[in-house]
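Engineer: First to last, the sequence lines map onto chains A and B. For the first sequence, the working numbering begins at 69 and goes up steadily by one. For the second sequence, the working numbering begins at 2 and goes up steadily by one.
Derived by calculation from the structure, the hints in this document are not laboratory data.
Below, simulated BS3-like cross-link-like pairs (lysine-lysine); rule was C-alpha separation at most 30 Å, straight line:
| # | chain 1 | residue 1 | chain 2 | residue 2 |
| --- | --- | --- | --- | --- |
| 1 | B | Lys97 | A | Lys274 |
| 2 | B | Lys166 | A | Lys165 |
| 3 | A | Lys274 | A | Lys137 |
| 4 | B | Lys166 | B | Lys100 |
| 5 | A | Lys165 | A | Lys274 |
| 6 | B | Lys166 | B | Lys97 |
| 7 | A | Lys71 | B | Lys100 |
| 8 | A | Lys71 | B | Lys97 |
| 9 | B | Lys166 | A | Lys71 |
Residues from chain B shown here face chain A by an in silico Cβ test under 10 Å; the list is partial:
| # | residue |
| --- | --- |
| 10 | Val20 |
| 11 | Gly143 |
| 12 | Thr244 |
Example chain A residues on the side facing chain B (calculated, C-beta under 7 Å, incomplete):
| # | residue |
| --- | --- |
| 13 | Lys71 |
| 14 | Gln78 |
| 15 | Ile94 |
For glycine and all other residues, C-beta sits at the position ideal for the given N, C-alpha and C.
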Amino acid sequence: MSKQITAWLQAAPIGFVLLAFLVAPIVMIVIVSFWGATEYSIYPAFQFDNYEFLFGSPVTYTVFFNTFKYAFITWAFTLVIGFTVAYFLAFEVRSLKWQVALFLLCTIPFWTSNIIRMISWIPFLGRNGLANSTLMSWGVIDEPLEWLLFSDFSVILAFVHLYTLFMVVPIFNSMMRIDRSLIEAARDNGANGWQTLRHVIIPLCKPGIMIGTIFVTTLVMGDFITVRFMSGSQRANVGRLISNDINLLQYPSASATAVVLLVTVLIVIALFLRLVDIRKEL
Amino acid sequence: MERRSRSFYVLAGFFTLFVLFLYGPILTIGILSFQGPQGGLTFPMNGVSLHWFRDLFQEQAVGDIWGSFRRSFALGLMVMVTTVIVSVLGGLAFRKRFKGASVLFYLAIASLVIPSILISLGVGLIFNQLGFPVHWATSGFGSQLTWTLPFGLLIMFAVFNRFDKSYEEAARDQGATAWQTFAHVVLPIIAPSLLGVALFGFTLSYDEFARTLLTAGSYNTLPLEIFGMTTNVTTPVIFALGTLTTIFSFCIIGVFFLAVWLMSRRRDKGSDAGKGMV
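Please build the complete structure, drawing on both the sequences and the hints.
Structural biologist: Okay, here's the thing in structure tokens:
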């Protein structure tokens, strides 16, 4: 049997799954986005009503703006936190055993339910929560802060809590591959810690940073459950727009929004991918 | 012990805060799930009891928790086994640099980054239009694979990139067939990493919410059930459920690490195969 044919046979299962459950659904969404809907049913058509409505509504622009806002702020926080944590693990912790142990410590919460992790903020941020009662007992505030829970603040906090790991892992991976003699060379040439970080470590971590960035931004942009849950349904992003339409069984309209979201996400990723070749990173 | 710089202590402090940030909320609901019968969703604790755990086991007023747990568990196992087998096959295929490899690679990446709700919506629509009923074991299963397979494939890339080909050559030189080389040389070396893939497959599936939302059909999986509870349950019973599922996740992780540890102990020293695990 030729090598090519064996390879194709081996690649066939994953190829099939991706065709059936990734490509076909997206084609379906694009098709349905041109369909029409009555209150009770959807019918095949080729009309631009859904898009016209979508682009004609000021809500759309607000919601897209919100989506980008969440993605950008979350990205900034996860990047700074993720980079610092990865840096500590890769460069300051010196024994491999401790590196592995501390790294695992960070990844374990990732393996519990996202929804449970969201719920777990309620006793912290609620009106009578830990944060408010602590601040009041310290005399910092006189009455509970209302914006702690069900606000942009809590949404972004939850995002950072859920997704920082997606930044830590690729950056840590990049850092572990940096040849330690390069850092020594920088020091020998008289660079201080800050200069080494700026001119040696950060440039060499760029692929890891980009991969983390792609993960975090796409996860946040497509999210609908965190926004709904942590904002107490008071805020919206594109994901929620879609899920609301779905709940109302307005599939064509949901599909049109989904297509716009998809195009947006793909443009964002295409921009990121111009900056880094991820295949080299594996 | 060499002297540590000041930056070490600053960063160690930062790291500690990060770990507290990660674990704090979960620990809080762990503690609060032991509220007394009169207790609410926040501190202060109103007595200490196992009331809410008992509630979870006895009352079924809040839905079908145990049914959904069984379904999630079964689905997790299905996804786990499929993910391991299909990712290994995919990984082997990519070693041979076949035509179309880069298309498949980008599809896999796309599968990771495309918002879950699109998969959910699309698969739901297709099943609907074809007249197939959506069910967790068919449409839900397929949707989850679009998330676990790319992860598995990426891990396999990492594993095979670090794989020393001279082992295979040695096996071939001694007259082993392709299958024997795979079964007796490659597989034992990559086995610990496969446990990593299995762990990913199971836990990603077990927690997956967005991709199963429109594809699970009338029988909920556990994350869907929990989500349902968040909207209508206002007692610590939901914390009790959170605590139990978290403990369960930890047990699963524990079992996997134990298996990895046992396997690496049984093996001869000198191989670095297990280190490819993410």
